[in-house]
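Participant: Sequence:
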Amino acid sequence: MAKLIYLTNVSLDGYIEDDSGTFAWLPPDDEVFAFTTDLLRSVGTFLYGRRLYEAMAVWETDAALAAQSDLTADFARAWQAPSKVVYSTTLAAVSTADTRLERRFDPAAVQELKATARGDLTVGGADLATQAFRAGLVDECQLFVLPLVVGGGKPGLPTDMRVDLELLDERRFRNGVVHLRYRVLGR
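Counting from 1, position 142 in the sequence shown corresponds to residue 142 in this note's numbering; the numbering is continuous, with no gaps.
Honestly, the hints are just simulated from the structure, not real lab data. Certain hints may be false.
[Said to hold, decoys possible] Restricting the straight-line Cα-Cα distance to at most 20 Å, the calculated cross-link-like pairs of lysine to aspartate or glutamate (EDC-like) are: (1) K3 x D164; (2) K154 x D18; (3) K154 x D13; (4) K3 x D169.
[To be verified] Cβ-Cβ distance ranges computed for the label pairs, FRET-style: (5) M1 x D169: 19 to 25 Å; (6) V58 x R103: 36 to 42 Å; (7) A73 x L180: 26 to 32 Å; (8) V58 x R100: 17 to 23 Å; (9) M161 x R104: 30 to 36 Å.
Glycine included, every Cβ here is placed at the ideal spot set by N, Cα and C.
From just these sequences and the hints, can you work out the full model?
Facilitator: Shown next as C-alpha coordinates:
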(Lines of atoms letter the chains of each structure in order from A; the text may use other names.)
(Lines give C-alpha, C1' and ligand atoms only; values in the text may rest on other atoms or scores of the structure.)
Protein backbone atom coordinates (compact mmCIF):
# COMPACT_ATOMS: atom_id res chain seq x y z
CA MET A 1 0.00 0.00 0.00
CA ALA A 2 1.23 3.47 -0.85
CA LYS A 3 1.92 6.03 1.86
CA LEU A 4 0.12 9.36 2.12
CA ILE A 5 2.73 12.00 2.94
CA TYR A 6 2.04 15.54 4.09
CA LEU A 7 4.92 17.54 2.60
CA THR A 8 5.11 21.27 3.26
CA ASN A 9 7.26 24.28 4.05
CA VAL A 10 6.65 25.92 7.43
CA SER A 11 8.10 28.90 9.23
CA LEU A 12 9.92 28.20 12.49
CA ASP A 13 6.75 29.21 14.34
CA GLY A 14 4.68 26.70 12.35
CA TYR A 15 2.92 28.72 9.65
CA ILE A 16 2.60 27.91 5.95
CA GLU A 17 1.51 31.44 5.08
CA ASP A 18 1.62 34.76 6.90
CA ASP A 19 -1.30 37.03 7.81
CA SER A 20 -1.37 38.48 4.28
CA GLY A 21 -1.57 35.02 2.65
CA THR A 22 2.04 35.06 1.42
CA PHE A 23 3.91 31.75 1.40
CA ALA A 24 6.89 32.40 -0.89
CA TRP A 25 9.54 32.46 1.83
CA LEU A 26 11.82 29.62 0.78
CA PRO A 27 15.24 31.14 0.27
CA PRO A 28 16.58 30.22 -3.18
CA ASP A 29 18.98 27.33 -2.67
CA ASP A 30 20.13 24.68 -5.14
CA GLU A 31 20.74 22.12 -2.39
CA VAL A 32 17.16 22.31 -1.03
CA PHE A 33 15.73 22.45 -4.56
CA ALA A 34 17.60 19.29 -5.64
CA PHE A 35 16.61 17.47 -2.43
CA THR A 36 12.94 18.37 -2.95
CA THR A 37 13.11 17.18 -6.55
CA ASP A 38 14.49 13.83 -5.37
CA LEU A 39 11.62 13.50 -2.88
CA LEU A 40 9.09 13.98 -5.69
CA ARG A 41 10.48 11.04 -7.68
CA SER A 42 8.67 8.50 -5.46
CA VAL A 43 5.33 10.31 -5.75
CA GLY A 44 2.63 8.75 -7.92
CA THR A 45 -0.17 11.20 -7.08
CA PHE A 46 -0.38 14.72 -5.69
CA LEU A 47 -3.52 15.65 -3.73
CA TYR A 48 -3.87 19.43 -3.78
CA GLY A 49 -6.14 22.15 -2.53
CA ARG A 50 -6.95 24.82 -5.12
CA ARG A 51 -4.50 27.52 -4.03
CA LEU A 52 -1.48 25.22 -3.88
CA TYR A 53 -2.43 23.61 -7.18
CA GLU A 54 -2.66 27.01 -8.87
CA ALA A 55 0.75 27.95 -7.46
CA MET A 56 2.37 24.69 -8.58
CA ALA A 57 0.71 24.36 -12.01
CA VAL A 58 3.23 26.83 -13.45
CA TRP A 59 5.74 23.96 -13.46
CA GLU A 60 3.75 22.59 -16.39
CA THR A 61 2.10 25.65 -17.89
CA ASP A 62 5.10 28.04 -17.95
CA ALA A 63 7.83 26.56 -20.17
CA ALA A 64 10.14 29.50 -19.44
CA LEU A 65 10.22 28.57 -15.75
CA ALA A 66 11.50 25.06 -16.45
CA ALA A 67 14.01 26.43 -18.97
CA GLN A 68 15.80 28.60 -16.40
CA SER A 69 18.33 25.91 -15.42
CA ASP A 70 18.98 22.18 -15.34
CA LEU A 71 17.63 22.14 -11.77
CA THR A 72 14.35 23.80 -12.70
CA ALA A 73 13.95 21.52 -15.73
CA ASP A 74 14.51 18.47 -13.52
CA PHE A 75 11.99 19.73 -10.96
CA ALA A 76 9.42 20.43 -13.68
CA ARG A 77 9.77 16.86 -15.00
CA ALA A 78 9.48 15.43 -11.47
CA TRP A 79 6.38 17.55 -10.79
CA GLN A 80 4.67 16.78 -14.11
CA ALA A 81 5.12 12.99 -13.91
CA PRO A 82 2.62 12.16 -11.11
CA SER A 83 -1.15 12.25 -11.43
CA LYS A 84 -2.87 15.11 -9.65
CA VAL A 85 -6.19 15.38 -7.83
CA VAL A 86 -7.37 18.91 -7.06
CA TYR A 87 -10.05 19.45 -4.42
CA SER A 88 -12.00 22.64 -4.98
CA THR A 89 -15.56 23.90 -4.94
CA THR A 90 -14.63 27.03 -6.91
CA LEU A 91 -12.15 25.96 -9.61
CA ALA A 92 -13.90 25.63 -12.98
CA ALA A 93 -11.23 23.53 -14.74
CA VAL A 94 -7.68 22.26 -14.34
CA SER A 95 -4.83 23.42 -16.57
CA THR A 96 -2.42 20.47 -16.33
CA ALA A 97 -2.29 16.98 -17.83
CA ASP A 98 -3.29 13.86 -15.88
CA THR A 99 -5.23 16.00 -13.40
CA ARG A 100 -8.76 15.53 -12.16
CA LEU A 101 -10.98 17.88 -10.22
CA GLU A 102 -12.96 16.71 -7.18
CA ARG A 103 -15.53 18.89 -5.44
CA ARG A 104 -15.10 17.31 -2.00
CA PHE A 105 -12.56 15.29 -0.07
CA ASP A 106 -13.73 11.68 0.21
CA PRO A 107 -11.63 9.70 2.73
CA ALA A 108 -12.84 6.34 1.34
CA ALA A 109 -11.75 7.30 -2.18
CA VAL A 110 -8.32 8.39 -0.90
CA GLN A 111 -7.98 5.11 1.03
CA GLU A 112 -8.77 3.23 -2.19
CA LEU A 113 -6.21 5.33 -4.04
CA LYS A 114 -3.59 4.45 -1.42
CA ALA A 115 -4.43 0.75 -1.82
CA THR A 116 -4.06 0.78 -5.61
CA ALA A 117 -1.38 3.42 -6.25
CA ARG A 118 1.98 2.50 -7.74
CA GLY A 119 3.75 5.37 -5.99
CA ASP A 120 3.28 7.32 -2.79
CA LEU A 121 0.73 10.11 -2.49
CA THR A 122 1.37 13.57 -1.13
CA VAL A 123 -1.23 15.92 0.26
CA GLY A 124 -0.66 19.65 -0.03
CA GLY A 125 -2.51 22.57 1.43
CA ALA A 126 -3.13 22.87 5.17
CA ASP A 127 -6.92 22.63 4.99
CA LEU A 128 -6.82 19.51 2.83
CA ALA A 129 -4.06 18.00 4.97
CA THR A 130 -6.13 18.60 8.11
CA GLN A 131 -9.01 16.65 6.55
CA ALA A 132 -6.60 13.80 5.74
CA PHE A 133 -5.18 13.86 9.30
CA ARG A 134 -8.71 13.78 10.78
CA ALA A 135 -9.57 10.78 8.59
CA GLY A 136 -6.45 8.94 9.80
CA LEU A 137 -5.00 8.76 6.29
CA VAL A 138 -1.65 10.51 6.74
CA ASP A 139 1.26 8.08 7.17
CA GLU A 140 4.16 10.54 7.15
CA CYS A 141 4.66 14.22 7.81
CA GLN A 142 7.64 15.86 6.10
CA LEU A 143 8.33 19.46 7.01
CA PHE A 144 10.85 21.87 5.55
CA VAL A 145 11.30 24.23 8.52
CA LEU A 146 12.43 27.64 7.29
CA PRO A 147 14.70 29.89 9.36
CA LEU A 148 12.20 32.70 9.94
CA VAL A 149 9.35 33.60 12.27
CA VAL A 150 6.29 35.18 10.65
CA GLY A 151 4.28 35.79 13.82
CA GLY A 152 0.91 34.55 12.59
CA GLY A 153 -1.07 33.32 9.64
CA LYS A 154 -2.28 29.88 8.56
CA PRO A 155 -0.92 27.03 10.71
CA GLY A 156 0.84 24.26 8.82
CA LEU A 157 -0.47 21.49 11.08
CA PRO A 158 -3.88 20.70 12.53
CA THR A 159 -4.63 22.90 15.56
CA ASP A 160 -7.67 21.06 16.89
CA MET A 161 -6.30 17.55 17.31
CA ARG A 162 -3.32 15.73 18.73
CA VAL A 163 -1.00 13.99 16.28
CA ASP A 164 1.77 11.82 17.75
CA LEU A 165 4.86 11.52 15.60
CA GLU A 166 8.06 9.46 15.50
CA LEU A 167 11.11 11.15 14.01
CA LEU A 168 12.46 9.04 11.14
CA ASP A 169 15.04 11.38 9.64
CA GLU A 170 16.32 14.93 9.66
CA ARG A 171 18.57 16.90 7.37
CA ARG A 172 20.08 20.32 7.86
CA PHE A 173 20.86 22.49 4.83
CA ARG A 174 23.53 25.19 4.55
CA ASN A 175 20.89 27.94 4.21
CA GLY A 176 19.35 27.12 7.61
CA VAL A 177 16.41 25.06 6.32
CA VAL A 178 15.83 21.79 8.18
CA HIS A 179 13.92 18.85 6.67
CA LEU A 180 12.13 16.71 9.26
CA ARG A 181 10.54 13.38 8.37
CA TYR A 182 8.06 11.85 10.82
CA ARG A 183 5.91 8.73 10.91
CA VAL A 184 2.36 9.38 12.14
CA LEU A 185 1.66 7.12 15.12
CA GLY A 186 -1.60 5.63 16.32
CA ARG A 187 -3.44 5.69 13.03
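Participant: Which of the listed hints are not met by the structure?
Facilitator: Hints 6, 9 contradicted; others consistent.
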